[in-house]
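Chains as they are written, first to last, in the working numbering: chain A, 96 to 406; chain B, 42 to 275.
Relax, there's no trap hidden among the hints.
Distance condition first, Cα-Cα at most 20 Å in a straight line; then the derived SDA-like pairs of lysine to any residue: (1) 182/A to 110/B; (2) 223/A to 120/B; (3) 182/A to 61/B; (4) 121/A to 295/A; (5) 223/A to 60/B; (6) 209/A to 185/A; (7) 361/A to 340/A; (8) 50/B to 225/A; (9) 156/A to 245/A; (10) 274/B to 147/A; (11) 223/A to 58/B; (12) 50/B to 185/A; (13) 182/A to 120/B; (14) 324/A to 385/A; (15) 50/B to 195/A; (16) 43/B to 203/A; (17) 169/A to 120/B; (18) 182/A to 59/B; (19) 43/B to 195/A; (20) 223/A to 59/B; (21) 274/B to 108/A; (22) 50/B to 191/A.
It should be emphasised that the hints constitute simulated quantities derived from the structure, not laboratory data.
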Amino acid sequence: MIHIENLCKQYQDLQAVDQISFDIKKGEILGLLGPNGAGKTTTLRMLTCFLRPTSGSVRVKDLTIENDDLAIKKLMGYLPESAPLYKDMLVYDYLVYIANIRGVEPHVRLARIKELAQLCGLTDVMHKPIDELSKGYKQRVGLAHAMMNDPEILVLDEPTSGLDPNQIVEIREIIRKIGKEKTIILSTHILSEAEATCDRIVIINRGKIVADGSTESLKKEGGQATILKVTLEEADPAGAEEKLRAVDGVEEVSITENVQGGLDIKLTCDGQKATRHKIYACIKGTDWVLSEFVIETQTLETIFRNLTQEK
Amino acid sequence: MKQALHIFKKEFSGYFISPIAYIVIAIFLLVTGWFFFTTFFLYNQASLRNFFSLLPLIFSFVIPAVTMRLFSEELNVGSYELLLTMPVTFLDVILGKFMACIAFIAAMLLPTAAYPVLVSVMGDLDWGPVVGGYLGALLLGGAFAAVGLFASSLTRNQIVAFIVATAICFSLTLIDKMLFFLPKSLLGVLAYLGAGYHFQNISKGIIDSRDIVYFFSVAFIGLYAANLSMQQKY
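Pulled out of the complex, with its shape left as it was, chain A reads as follows (with noise of 0.2 Å):
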């Protein structure tokens, strides 16, 4: 559906996409994640031909960004970050702006808004001026003009930012509906909220691609060594580390005690089944309580710190 070759942006001194290169399959949500000044925006702002880029092409379908952007505009609804909308519209008179603009129909258009209204929640605010409502309705009336036409692709730049918890399970819903149509590009640096909503993640950093995968792939890969979580009950601090360290195949241990008197311990080990073994066999040799034994799954959020944080 989308092709991104080499993607560049370079500005005075900054390069703040390089060699950026991915395919979004037709169907497909695909969460662009990173920190702040990444260069999220400015890949979706090519996108979408608001900027030009400095090297690099897209394609979308058969169209080249360069020579089809008006076929390309056609095809894409877009939410840029925090929704700027004209203030002193009433959202009606926005959205017919809109219907106008993007071509619809004016026999199908009040029912179109009408539709877009009741799927956005916007019924209660249709008079009002934009400047007045909050920033959770600004950015529903944003989604709705991305959806205005109907669009194939949709891009939307942190579609989340700046709502109330409500506001965020609400609008990931509907993403979620539309998005088992239509193909989506969304750009977040909420990582739950890409695990929730995306079937696949692309992670830059200062402009580059540092992971691209599913959720699930990107766990995996994430790091070889695995955290387990062991807790004991009747076992005194100093030996269990000694024991437990000689181990073979442990490489870190770290005890606290808890509140119960017990003692909470994680074993930072190889991934292998027989390291795990040999750590239940030594327990089993001592007359400590074993009374949890878990394998702590790497997290979105640890994989992302490691590749995004400076070494």
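Once you have looked at the hints, place chain B on chain A.
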């Protein structure tokens, strides 16, 4: 072209949503009305010549006030991004906004149509210069609006846009009144550059193609420059 019409409609009605339109029109009518009628009875002539001779000066600060927000506000709010990611071209955007300015200037001039009617009751009015004057006012307004659009596309600050546009419009208006300071060899060229000089011809009722070409050229250069400055942000 259809897109330009939609933008025109939005911009034109946008003027009347905010108080700007009413304030600008009120100030325009007050200033022109005051200056025109304070001397009108002293001259004891049934003509609108004085009214039209005021226009270039008044337009040079009224029209920048009309155009200052057109791009600056969009750049400042960021709605520019939404506008340009819809299926429109630069040309659509510029023409739509330009037409909205012209329509607004026409709306602003409309109440002054009462002056010729009143004057024709009081004396024998020659309608030729009046029609020419209004035509000239629209041409002049269009030229200044294009300059104002260009100034507005340069900056996200409306006040800066206003001052830049006013400075350019004032220079165009006053250049032919400053001629005695200037070297003789340049006189012809510089006089030709003055908006006041060309407007005077039309408002006398003489419709000369040279004057019309002048106003169209200024409008074209202004719009083209606005287009270039937008392209650069792209």
